[in-house]
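4 protein chains.
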Amino acid sequence: MIVTETKIRVYYQDTDKMGVVYYGNYARYYEIGRTEMIREMGFTYKQLEEYKVLLPARSLKINYFKSAYYDDLLTVRTIVETIPKVKFPIKTEIYNEKGELINSGETVLAFYSAITNKPVAAPKFFIDEMLRIFQNEQFQTAPKLF
Amino acid sequence: MIVTETKIRVYYQDTDKMGVVYYGNYARYYEIGRTEMIREMGFTYKQLEEYKVLLPARSLKINYFKSAYYDDLLTVRTIVETIPKVKFPIKTEIYNEKGELINSGETVLAFYSAITNKPVAAPKFFIDEMLRIFQNEQFQTAPKLF
Amino acid sequence: MIVTETKIRVYYQDTDKMGVVYYGNYARYYEIGRTEMIREMGFTYKQLEEYKVLLPARSLKINYFKSAYYDDLLTVRTIVETIPKVKFPIKTEIYNEKGELINSGETVLAFYSAITNKPVAAPKFFIDEMLRIFQNEQFQTAPKLF
Amino acid sequence: MIVTETKIRVYYQDTDKMGVVYYGNYARYYEIGRTEMIREMGFTYKQLEEYKVLLPARSLKINYFKSAYYDDLLTVRTIVETIPKVKFPIKTEIYNEKGELINSGETVLAFYSAITNKPVAAPKFFIDEMLRIFQNEQFQTAPKLF
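Residue numbers (the numbering used here), protein chains in the order written: chain A, 97 to 242; chain B, 97 to 242; chain C, 97 to 242; chain D, 97 to 242.
Each hint should be verified, as a subset may be incorrect.
What the simulated footprint calls covered on chain A by chain D, stretch by stretch (three residues with Cβ under 8 Å from a Cβ of chain D suffice, anywhere in the stretch; the number is not a length) [as the list claims (entries may be wrong)]:
#: 1; segment: 106–118
#: 2; segment: 140–146
#: 3; segment: 210–221
Result set (PhoX-like, lysine-lysine): computed pairs, CA atoms no more than 20 Å apart in a straight line [unchecked claim]:
#: 4; chain 1: B; residue 1: K157; chain 2: A; residue 2: K157
#: 5; chain 1: C; residue 1: K157; chain 2: D; residue 2: K183
#: 6; chain 1: A; residue 1: K157; chain 2: B; residue 2: K162
#: 7; chain 1: A; residue 1: K113; chain 2: B; residue 2: K148
#: 8; chain 1: A; residue 1: K162; chain 2: B; residue 2: K183
#: 9; chain 1: B; residue 1: K113; chain 2: D; residue 2: K183
#: 10; chain 1: B; residue 1: K157; chain 2: A; residue 2: K162
#: 11; chain 1: A; residue 1: K183; chain 2: B; residue 2: K157
#: 12; chain 1: C; residue 1: K220; chain 2: C; residue 2: K181
#: 13; chain 1: D; residue 1: K220; chain 2: C; residue 2: K113
#: 14; chain 1: A; residue 1: K148; chain 2: B; residue 2: K148
#: 15; chain 1: A; residue 1: K148; chain 2: D; residue 2: K220
Calculated directly from the structure, the hints in this document are not laboratory data. Please read these numbers as outputs of a predicted model, since none were measured by experiment. Glycine included, C-beta positions come from ideal geometry on N, C-alpha and C.
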């Protein structure tokens, strides 16, 4: 298992007239969490693209439990439970500063070749890195939030 | 059943560097479809709010099949299959100009009182209107897209 | 002079917690107006890109006079006063349903070659079309708004 | 003078199909810089709102010099040159990791009463704090970027 955490501040632009974060903006927060997870693993999503590998989304699910408000400092917890093959499912949980679960969901990405524009297996260097990290205690346990 | 359709043009701001509509922006398109469905039913979501009824999202699911591109004129098909009670599930399908299904999904909204900030039953005038429309042939059949 | 008008509905996603359209979203509305102006001229911005011509923004100015609210149907008036050379200044005015000027501004675009990544003169077919339209009465007068 | 700096990472959602940060998204970055400047001054914009003071934008100007790209770590430099009265002009400069100026601009905010919905003078505690900070060397000099 890989678990990483990213802090996201809620700005004016993220809120709507209900005074809370717009429901559609969480997909953006989920992606920030995924991008920073890959960075913490030691490389970047940008590098994947340089290998001509894209990771478009195949599905998205979000269950909303509570609202997030302007100026909240949210914690985005990004969780990978299995080594990806062609599909790459990633779970996300968002917590507010009181440690309450705001929403949780799952995005399923797919490895795509930017050359053939078709699904491909995850690149070997990516899988090797994942395997290495799955054995690294630092990433195996969810950091205690509060 | 209620089925309505809304056209949405893809602008620069909706695309990302992959050259396609950003995966998180479809939640916005889904909401435009829902808003215009309510307008076609003869009132507006804004009026619901004047009745102190809010409709926050409880869940969102999207399955992505194809990409949408800059300047595409998309058709958002919004589908209500049952009269809502406290929860209000709404299906959405997005088609491109060739009639291909780009993605489909479901948003579950919940009726909330803006006064008590708690779930409430759907307002009577809303249910009555829905019942009337469920018997209206115009809304019962999905318009032929292509 | 070329004057065209585009209608834009304000959706939830465009508002912020102040209950009005977020100040930064008007740049998106301005672009929608410009894109539709080019379409009304008889071609599309997408076609310009197929000619390997890009139109990045060099500057943006907006003066805000009034707020726009959820569900407002705004009129975006897009105005070209001179035939462009390398720079392409476009004025924009946004009106609400009462005919009040919400804000006005100017975006200066520049013609860029997608091949050399350097400024270029506006393509001849674009200038010719502009000249033709500058002599077309339909586009010369601002439509009466109200 | 008050000068503060905020780091902003460019994510997928900020880019458009030209592969760069969408021109309209810089207004969002400018606001993040302003919000964090106020936080560094020792209070929050949210607290201003609790005093029933709003700060809507009256004007925005941006001059674009270079593009920002996916995964860039930008530096937003926020600059206040004078103690505000009813209007509150704030300059912003955005730099990339090479220290190049990407764009610069100015937003003029106005102090508004949330009660009367009319312009008001800046609250005394805000001015006092500003005066204190204008005499604080830490804020007087622009941090050396590179």
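Structure-based check of each hint:
1. Counting residues of the segment 106–118 of chain A whose beta-carbon sits less than 8 Å from any beta-carbon of chain D gives 3, enough to reach three: the coverage restraint holds.
2. Check on the segment 140–146 of chain A: 3 of its residues sit with their Cβ under 8 Å from a Cβ of chain D, so the three-residue criterion for coverage holds.
3. Against chain D, the segment 210–221 of chain A contributes 0 residues with a C-beta closer than 8 Å to a partner C-beta. That does not satisfy the three-residue criterion, and the hint is violated.
4. Proposed proximity of K157 (chain B) and K157 (chain A) is supported: the alpha carbons are some 4 Å apart, at most 20 Å.
5. Proximity of K157 (chain C) to K183 (chain D) is assessed by CA-CA distance (about 17 Å); at most 20 Å being required, the pair is judged to hold.
6. Taking the CA atoms of K157 (chain A) and K162 (chain B), the gap is near 17 Å; set against the 20 Å cutoff, the hint holds.
7. Restraint check for K113 (chain A) and K148 (chain B): satisfied, since their Cα atoms lie roughly 14 Å apart, inside the 20 Å limit.
8. For the hint pairing K162 (chain A) with K183 (chain B), the CA-to-CA distance comes to about 16 Å; that is within 20 Å, so the pair holds.
9. Taking the CA atoms of K113 (chain B) and K183 (chain D), the gap is near 38 Å; set against the 20 Å cutoff, the hint is violated.
10. For the hint linking K157 (chain B) to K162 (chain A), the alpha-carbon distance of about 17 Å falls within 20 Å, and the restraint holds.
11. In summary, the hint linking K183 (chain A) to K157 (chain B) is supported, as the alpha carbons are separated by about 17 Å, within the 20 Å threshold.
12. Only pairs whose Cα atoms come within 20 Å are accepted, and K220 (chain C) paired with K181 (chain C) is accepted, the gap being roughly 10 Å.
13. For the hint pairing K220 (chain D) with K113 (chain C), the CA-to-CA distance comes to about 25 Å; that exceeds 20 Å, so the pair is violated.
14. This hinted pair does not check out: K148 (chain A) and K148 (chain B) have alpha carbons roughly 51 Å apart, beyond 20 Å.
15. For the given pair, K148 (chain A) sits about 57 Å from K220 (chain D) by alpha-carbon distance, which is inconsistent with the 20 Å threshold.
Hints 3, 9, 13, 14 and 15 from the list above are not met by this structure, while the remaining hints are.
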